[in-house]
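Novice: Generate coordinates for the entire structure from the input sequences, incorporating the hints supplied.
Per UniProt numbering: the sequence shown = residues 1 to 154.
Because the hints were derived from the structure by calculation, they are not lab data.
For each residue, glycine too, the CB sits at the ideal point set by N, CA and C.
Check before you lean on any hint, since a few could be wrong.
To be verified - Simulated crosslink set (DSBU-like; lysine-lysine; CA at most 35 Å straight-line): (1) 19 x 2; (2) 75 x 129; (3) 52 x 135; (4) 12 x 56; (5) 16 x 75; (6) 2 x 16; (7) 52 x 19; (8) 75 x 2; (9) 52 x 2; (10) 2 x 129; (11) 129 x 76; (12) 56 x 129; (13) 75 x 135; (14) 76 x 2.
What the hints assert, rightly or not - Ranges between beta-carbon positions, derived for each pair: (15) 12 x 52: 14 to 24 Å; (16) 137 x 53: 16 to 26 Å; (17) 57 x 9: 39 to 49 Å; (18) 93 x 118: 21 to 31 Å; (19) 91 x 6: 40 to 50 Å; (20) 135 x 15: 18 to 28 Å.
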Amino acid sequence: MKISVSHLNEMKFEAKTQKSSFIINCPEISPIEYFLSGIISCSATDMVLLPKNQGKTVSNLVIDGEVVRNEDFPKKFNTLHLDYSFDSDADDIVAARWVMASLETYCSTINTIRESVSISYSITHNGTKIRDNEKMISGGGSKIDMGNIESCPS
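Specialist: Here it is, written out as structure tokens:
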């Protein structure tokens, strides 16, 4: 993977990837907000594609993320809580497995930070809270085989 970031003017930058480009407009959206958005978007793509791979659908997907950071520099992430809310045509056990497969195996961005960040999650499925403030075990991740999935290239 290769990305190039160029200064445009004031606090605007253009990020060019191998496939596309986008504008980073600081301080309107800070790089750390883009970073957190990328982490959440990675898991969101899994939450659409894992069910699709099983002939299921997810709708009304919202993933909220909240981070606690160091107060002093470096202001790194200390904790991350992800709150998953979605509807699907699967039962609660399968829905929770999709979240865990994303967190433990498929989401590269989450697995990139998990050694240094305490990660927790909650799941609301079809309007019912099925997991509340569960802690993700830090470490090297585990393989949950949900089959091959189409995904955004990592």
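Novice: Does each hint fit the structure? Answer for all of them.
Specialist: Hint check results:
1. 19 x 2: It holds: about 10 Å lies between the C-alpha atoms, which stays within 35 Å.
2. 75 x 129: Holds, because 32 Å separates the two Cα atoms, which is no more than 35 Å.
3. 52 x 135: Roughly 26 Å separates the two Cα atoms, so the pair holds.
4. 12 x 56: 41 Å, violated
5. 16 x 75: Given that 35 Å is the threshold and the Cα spacing comes to 26 Å, the pair holds.
6. 2 x 16: With a Cα-Cα distance of about 9 Å, the restraint between residue 2 and residue 16 holds, given a limit of 35 Å.
7. 52 x 19: With a Cα-Cα distance of about 25 Å, the restraint between residue 52 and residue 19 holds, given a limit of 35 Å.
8. 75 x 2: This hinted pair holds, its Cα atoms lying about 25 Å apart.
9. 52 x 2: Distance of about 29 Å is within 35 Å: holds.
10. 2 x 129: 40 Å, violated
11. 129 x 76: 30 Å, holds
12. 56 x 129: At roughly 20 Å apart (the allowed maximum being 35 Å), residue 129 and residue 56 satisfy the hint.
13. 75 x 135: Satisfied, since the Cα-Cα distance of roughly 22 Å is no more than 35 Å.
14. 76 x 2: 23 Å, holds
15. 12 x 52: 14 to 24 Å: 36 Å, violated
16. 137 x 53: 16 to 26 Å: 24 Å, holds
17. 57 x 9: 39 to 49 Å: 44 Å, holds
18. 93 x 118: 21 to 31 Å: At 25 Å between Cβs, range holds.
19. 91 x 6: 40 to 50 Å: 49 Å, holds
20. 135 x 15: 18 to 28 Å: The hinted range 18 to 28 Å is violated for residue 135 and residue 15, with Cβ atoms some 33 Å apart.
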